[in-house]
Amino acid sequence: MTCCTMDADGVLAMSATSFSSEEVTLASHPLGSGLFQLDLSVPDAHCGACIATIERALAKLPFVRKARVNLTTRRVSCVYAKEVEGRPTDPAEIINAVNSVGYRAHLFAPVAAENDKTRNQLLLAVGVAGFAAANIMLLSVSVWSGADAATRDMFHWISAMIAAPALVYAGRFFFQSAWNALRHGRTNMDVPISLAVTLSYAVSLWETMHHGEHAWFDATVSLLFFLLIGRTLDHIMREKARAAINGLARISPRGALVVSPDGSRRYVAIEDISVGDEVAVAAGDRIPVDGLVSKGESDLDLSIVTGESNPVAVSEGAAVSSGAMNLTGSLVVRATKLARDSLLAEIINLMEAAEGGRARYRRIADRAAALYSPVVHLLALVSFLAWGFLGGDWKQAMLVAVAVLIITCPCALGLAVPVVQVVAAGELFRKGIMVKDGSALERLAEIDTVAFDKTGTLTLGTPRLVKTVADGEADVALAAGMALHSRHPLSQALARGTPIAPMPFDRVSEIPGGGLEARHGDGHYRLGSAAFACAQTSNSASPDSPLSEVVLTSDGVVKARFFFEDVVRPGAEETIARLDAGRFETFIFSGDRQSVVDATAAKLGVRRAVGALSPKQKVDECETLNESGRRVFMVGDGINDAPALAAAHVSMAPASASDIGRQAADLVFFTERLDAVAEAIQIARQSAALIRQNFALAIGYNVLAVPIALAGLATPLIAAVAMSTSSIIVVTNALRLTAFGTRPLSRLSREPAALAKEIKTA
Amino acid sequence: MNMLIYLIPIALFMGGIGLAAFLWSLKSGQYDDLQGAAWRVLADDEADSWKP
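Chains as they are written, first to last, in my numbering: chain A, 182 to 943; chain B, 57 to 108.
Hints were generated in silico from the structure; no laboratory data involved.
Yeah, the Cβ is synthetic: ideal placement off N, Cα and C, and Gly gets one too.
Fair warning: there could be bad hints in the mix.
What the hints assert, rightly or not - Here are the simulated distance ranges between beta carbons:
hint, chain 1, residue 1, chain 2, residue 2, range
1, A, F356, B, A76, 17 to 27 Å
2, A, T643, B, A76, 49 to 59 Å
3, B, A76, A, E266, 38 to 48 Å
4, A, R364, B, I61, 40 to 50 Å
5, B, L79, A, G810, 45 to 55 Å
6, B, L79, A, E266, 19 to 29 Å
7, A, V902, B, L60, 20 to 30 Å
8, B, L79, A, V902, 24 to 34 Å
9, B, A76, A, E394, 30 to 40 Å
10, A, K476, B, S84, 32 to 42 Å
11, B, L60, A, R548, 43 to 53 Å
What the hints assert, rightly or not - Taking lysine to aspartate or glutamate and the EDC-like style, the derived pairs with C-alpha atoms no more than 16 Å apart in a straight line are:
hint, chain 1, residue 1, chain 2, residue 2
12, A, K617, A, D453
13, A, K797, B, D88
14, A, K612, B, D88
15, A, K241, A, E274
16, B, K83, A, D297
17, A, K421, B, D88
18, A, K518, A, D453
Stated by the list, open to error - Which stretches of chain B does chain A cover? Using the computed rule of at least three CB atoms under 8 Å from a CB of chain A, they are:
hint, segment
19, 69-79
20, 85-95
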């Protein structure tokens, strides 16, 4: 129907996890009088037609009272009745309805309420400051154009009365932050801001009381107005990224079917599973808690847990870890640990221990403020004393000192960083890359080393058929026909990868942990690992080969061999080449077998590749690099990567990453292609260059304006004009970032200075 | 100069109306979905999604 609706069958096939009615009920919250609200994330919705399609589909359900799509956060909030005409309703139908019109829908934990409140408070403060600034400016213009004596005093008094509540209400964000910094013996950008604002208000009030000529109320309030705009933009940018990341499908399950001793099954939230519980895990589900297999055989996909790219066969008594995907058979797992003590808990401990680079990092604005505020305050103090002692007029000295404070107040500096970062984050957002906060961009601009995880990051984690050794086409058709009956990734790759029409089979039985078995004519066929297919004639390839192998046998005789390898993520080769050209060091840190890692490294041209690493060892590798003075950019997705993502200077994860990996990373990219890595680095460097330029502009402005203030020539009018002009210049310069988008993307110079020069000459 | 006695309150009052309108629009959730609102203008008929 539209450009963007997807083929419904395709979507259903993609969303391997379906939600049970209990799980959906668990995720919705009661509104009272039998109504419940369910919030869903619909990552594919992106235009007006999507809104209409989804809302219409939901409105058709008899028990849905209200459905509204929020396109900004890509969410649907749906109010439904628990019971219709005495019969309980099935809320899982809501998700099915969204799926049936071609959109994926996920449950998500609503955590946004608190953040929305901050956003609204900031917007309110902007509104109040804007109102006050406009009205005071109106009165100030009258004063500047010649109002005097009683009229001027009255205007000043009205200004003072408008400014006071605005200052308290809108200025509290700065005062609080400045107070916090001072209490901990630090300074930040908000200290000079707060000081300038309060001092200038106090002096203006004093002037007004003594029928003075100059009052600075307009400067005070418009300063707050400009700075609040910067702060609000910064907050909204972070919110947008957080909403997008929270909207992603949860990978770890919310609950599981617990089998009671009497054989009945009930759905239990994951936190309520206790040690010793037997949990049923169907094929296609993820293991909810660490445990031992007590019944059944299957293959597990561990790619997100350990980075191991080949499925691992498990049978009774085998230990399984939470997060692994059950592929072929159903299992009953006896929980040996509580969910909060599972593998995930260990990983979180490692992450907390590793958190270093990020916590130690000081934002560039705060570093600038640490240099800037002592200079400015000293300058104001010196000018006060100099005018007082030399001129003898202490009132005039006070006015000069305040003029110095206002003129140098870091309005432009306060805007210089956030505006650039907001523009950069918007640019990245358009390219499908979410940045969690501005400091990530600053850190990203400093990196000189890029470390990749292999499975799921450099590769997609899905195998591809690369080589077929067979006597004739008939055998291949046989194998493809058998493979169609299994959801094992290798079988699916085989069925997809053969150009020959598969031979239809009526009965194929799957032996979990082994392979497929079928009869055709009088032949007895087996397809699977070499050990399974040719049970006795085990002349399989060495287990350390980088390729995975599947064998077809007929009555124990090998008929065909198929070789698979993990598909490299599109754009990976170009990305590595671009990073090399930009003289970045590249590494692979993987949990997979060394031979597989080496094969990928050789193909992509990565010189150093380390395999078979535990999560702890990955952190150690990162820290060794850190200690040798390198700034590491870690790109990874798995649960095992999360500690390394936290330990690195800055980190990035694909949207398909594990929940914890996405939480740990500073950036998340939603595109399939790995180009996002190079693009993020490039935009971060451009924005760093722009921030430096903005600092240079702001300092240049101060060098020009401060002598005027020191000479006692700065009137409120001059201050207002100077302040606004410098702010406008800085914002305009920041907006130039979008202009870079049209330039060739290959410019990834290692020296930021060279890049800055390029930008200047362009 | 007596005009000011009327003019200043009028100016402040009009500014205040603007501020109040902004506060109201913020409170009623009009800034929650700016992208969606842009598209909804183009929708043919906004079927009332409330049902009895």
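Is it true that the CA of K617(A) sits at most 16 Å from the CA of D453(A)?
Violated: K617(A) and D453(A) sit about 32 Å apart, past 16 Å.
Taking 20 to 30 Å as the hint, is the beta-carbon distance of V902(A) and L60(B) inside that range?
26 Å, holds
Please verify whether K797(A) and D88(B) have alpha carbons no more than 16 Å apart.
42 Å, violated
Next pair to validate is K83(B) with D297(A); report whether the Cα-Cα distance is within 16 Å.
11 Å, holds
Looking only at beta-carbon atoms, does the pair T643(A), A76(B) fall within the given range of 49 to 59 Å?
Cβ of T643(A) to Cβ of A76(B): about 57 Å, so the range 49 to 59 Å holds.
Straight-line alpha-carbon gap K518(A) to D453(A), limit 16 Å:
OK: K518(A) and D453(A) at ~12 Å, within 16 Å.
Mind checking the hinted window 30 to 40 Å against the Cβ distance between A76(B) and E394(A)?
34 Å, holds
Straight-line alpha-carbon gap K612(A) to D88(B), limit 16 Å
Cα-Cα ~23 Å, so violated.
That 17 to 27 Å hint for F356(A) and A76(B) (C-beta), does it hold up?
26 Å, holds
Distance restraint evaluation - R364(A), I61(B), Cβ atoms, bounds 40 to 50 Å:
47 Å, holds
Pairwise beta carbon distance, L79(B) to V902(A), judged against the given window 24 to 34 Å
About 31 Å separates the Cβ atoms of L79(B) and V902(A), which means 24 to 34 Å holds.
Annotated coverage of the segment 69-79 of chain B by chain A, confirmed only when three residues or more have a Cβ within 8 Å:
The restraint on the segment 69-79 of chain B holds, since 6 of its residues have a Cβ under 8 Å from chain A and three suffice.
Violated hints, listed in ascending order, are 6, 10, 12, 13, 14; each of the other numbered hints is respected by the structure.
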